[in-house]
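All chains, please: the whole structure from these sequences, using the hints.
These protein sequence lines are chains A and G, in that order. Quick note on numbering: our numbering labels position 193 of the first sequence as 193, and the sequence is numbered without any gaps. Quick note on numbering: our numbering labels position 94 of the second sequence as 94, and the sequence is numbered without any gaps.
Warning: the hint list may mix true and false statements.
Chain copies aren't distinguished; within one or between two, either way the pair holds.
[Claimed, not checked] Think about it this way: if two alpha-carbon atoms lie no more than 27 Å apart in a straight line, the pair counts; the simulated DSS-like pairs of lysine-lysine are:
| hint | residue 1 | residue 2 |
| --- | --- | --- |
| 1 | 273 | 87 |
| 2 | 137 | 151 |
| 3 | 268 | 87 |
| 4 | 170 | 273 |
| 5 | 264 | 71 |
| 6 | 273 | 91 |
| 7 | 264 | 137 |
| 8 | 30 | 91 |
| 9 | 268 | 159 |
| 10 | 137 | 273 |
| 11 | 273 | 162 |
| 12 | 87 | 97 |
| 13 | 54 | 2 |
Hints listed in this document are in silico derivations from the structure and should not be mistaken for laboratory results. All values derive from a computational prediction rather than experimental measurement.
There are 2 protein chains.
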Amino acid sequence: MKVIEESCIGIVGLGLMGGAIAIALRRVMKDGNPQHSGAIFAYDIDTETLETAKTQGVIDQGFTNSDEMLKSCDLVFLCLNPSTLLKFMGKHMGAFKTGTLITDIAGVKSGIVSAMETGLRDDLDYIPGHPMAGSEKGGFANAAHCDFHGKNYILTPLKRNKIENLDYLKTLIFRMGFSRITETSAALHDAKIAFTSQLCHVIAAALIDCEADREITRFGGGSFEDLTRIAMLNAPMWTELFIENREELLRRIEQFEGSLDSLKAMIKGGEEKELIERLGLVRDRRAAMSG
Amino acid sequence: MKVIEESCIGIVGLGLMGGAIAIALRRVMKDGNPQHSGAIFAYDIDTETLETAKTQGVIDQGFTNSDEMLKSCDLVFLCLNPSTLLKFMGKHMGAFKTGTLITDIAGVKSGIVSAMETGLRDDLDYIPGHPMAGSEKGGFANAAHCDFHGKNYILTPLKRNKIENLDYLKTLIFRMGFSRITETSAALHDAKIAFTSQLCHVIAAALIDCEADREITRFGGGSFEDLTRIAMLNAPMWTELFIENREELLRRIEQFEGSLDSLKAMIKGGEEKELIERLGLVRDRRAAMSG
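What follows is the structure, given as structure tokens:
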């Protein structure tokens with residue numbers, strides 16, 4: 001693999017995350033070598049976004065024909081929803097240059113990884129990834145506000161991944177600003193993410209779903225705002241993630257319902273002593289969680 | 001009522017909120033008139049806290065005998081848990097100076113208000129209040145980080161309140177930094193707060209209650225952190241608030257469970273179209289909520 005500053009990096013899908021990655025890559029290349037020979041390309045169906053990104057100096061060239069871009073790339077970030085990603089790979093697998101390192105940002109991994117493991121060309125290397133960053137405001141226009149500093153990045157490497165490619169990608173991830181990389185299996189990723197991400201989004205949605213008062217924020221003191229910020233969700237993307245990972249998500253919803261029921265019973269019964277004890281355990285457990 | 005800069009204001013309970021109010025009052029008085037004749041007093045059982053606050057210039061004098069303080073105060077902030085507040089008033093009602101304006105910060109209002117309406121001396125004026133600010137980190141030591149700017153303040157005035165006292169308190173609240181005052185009934189306050197505050201705390205606690213992995217934050221991308229920040233709760237205080245307001249809170253928990261069940265059923269059934277539509281409505285509803 002080339003050094004980062006000499007690589008040609010292609011981004012498929014210049015939305016919020018694709019855009020944020022492009023902005024971070026531009027900074028990495030410039031900081032590494034102001035006269036670098038590397039390039040940042042992007043493919044998108046929206047020509048206006050491509051032009052904006054080029055004018056802003058975020059990308060070197062925009063493409064509305066993905067195959068034309070893919071033939072030059074050393075590394076490709078697939079920044080698409082899971083189903084679109086698999087359709088894209090099915091259609092454009094032949095266009096990648098031999099040896100290309102491919103990675104993605106999809107929030108559910110098992111389905112994609114298993115499809116890619118069986119379907120990927122032998123001369124390509126795919127390292128599944130999930131940058132734990134984002135924003136409730138989507139699109140390239142909001143990409144500049146999506147900061148990677150201090151954030152988590154999950155990788156679920158395959159046995160066939162080349163060590164040099166894995167090292168390259170990890171170096172790049174840290175240089176983009178992420179503070180922690182966790183390597184795990186696709187299955188464990190999906191089980192954990194069902195809790196930390198999908199369950200939290202379902203809860204936020206349910207909270208808003210059960211309150212129609214537009215003036216309710218007059219009674220907000222921070223908790224309500226914190227718990228419902230993510231209710232401003234991208235409905236098609238989250239629907240896809242929920243359904244794709246439904247087995248794990250349903251298990252987590254039921255676990256949560258069990259805990260909620262148990263707290264509810266204590267409140268109903270006025271069990272002061274037991275409630276103080278349980279909430280104390282919760283406080284200690286949250287405090288002991290790292291990060 | 002005197003002008004603010006000439007008032008003697010007493011704080012009963014110099015914890016997180018009592019401390020934050022004292023800090024804000026000190027700023028209000030200094031900004032209003034650097035040579036002001038007003039004073040900020042505090043009563044607490046912790047002499048060390050009183051000394052720290054005095055050394056820092058936050059209070060003018062600390063008292064471990066509340067009656068000694070109360071006899072000089074024009075305005076008293078009761079910064080105590082609901083049950084402690086009622087006990088305090090029962091014991092020290094006789095010590096207040098005639099005409100004193102009393103207010104409180106308790107997170108549940110109906111019980112206190114009804115007790116105060118029947119038991120308060122005729123020559124005292126009590127305006128029930130609830131500053132919607134706080135922090136998961138308690139105590140006077142964290143008071144300086146509790147900022148009131150941009151926050152909500154709820155008042156549930158009584159019919160017998162003097163207009164001049166209500167005006168005085170509202171002016172003071174805005175000058176302390178709060179951006180919005182909502183006047184409502186104690187009953188409506190408790191119904192709304194059960195949703196925006198207590199339900200959110202129960203949800204955060206249930207989330208932590210159902211996950212034992214200390215390393216779970218490796219898989220956090222902001223949502224989990226946002227939804228569980230408030231799980232670092234003051235167990236005795238929240239137990240008291242939950243049980244005191246249990247009727248409204250249980251109603252809200254059940255409403256929330258209904259919405260959660262309905263989203264769960266859609267995920268289970270893979271109802272893509274319905275889920276996109278429902279999440280879209282949630283997004284629109286959240287976006288339409290003011291503040």
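* Asked: Tell me, which hint numbers fail for this structure?
  -> 4, 5, 8, 9, 11
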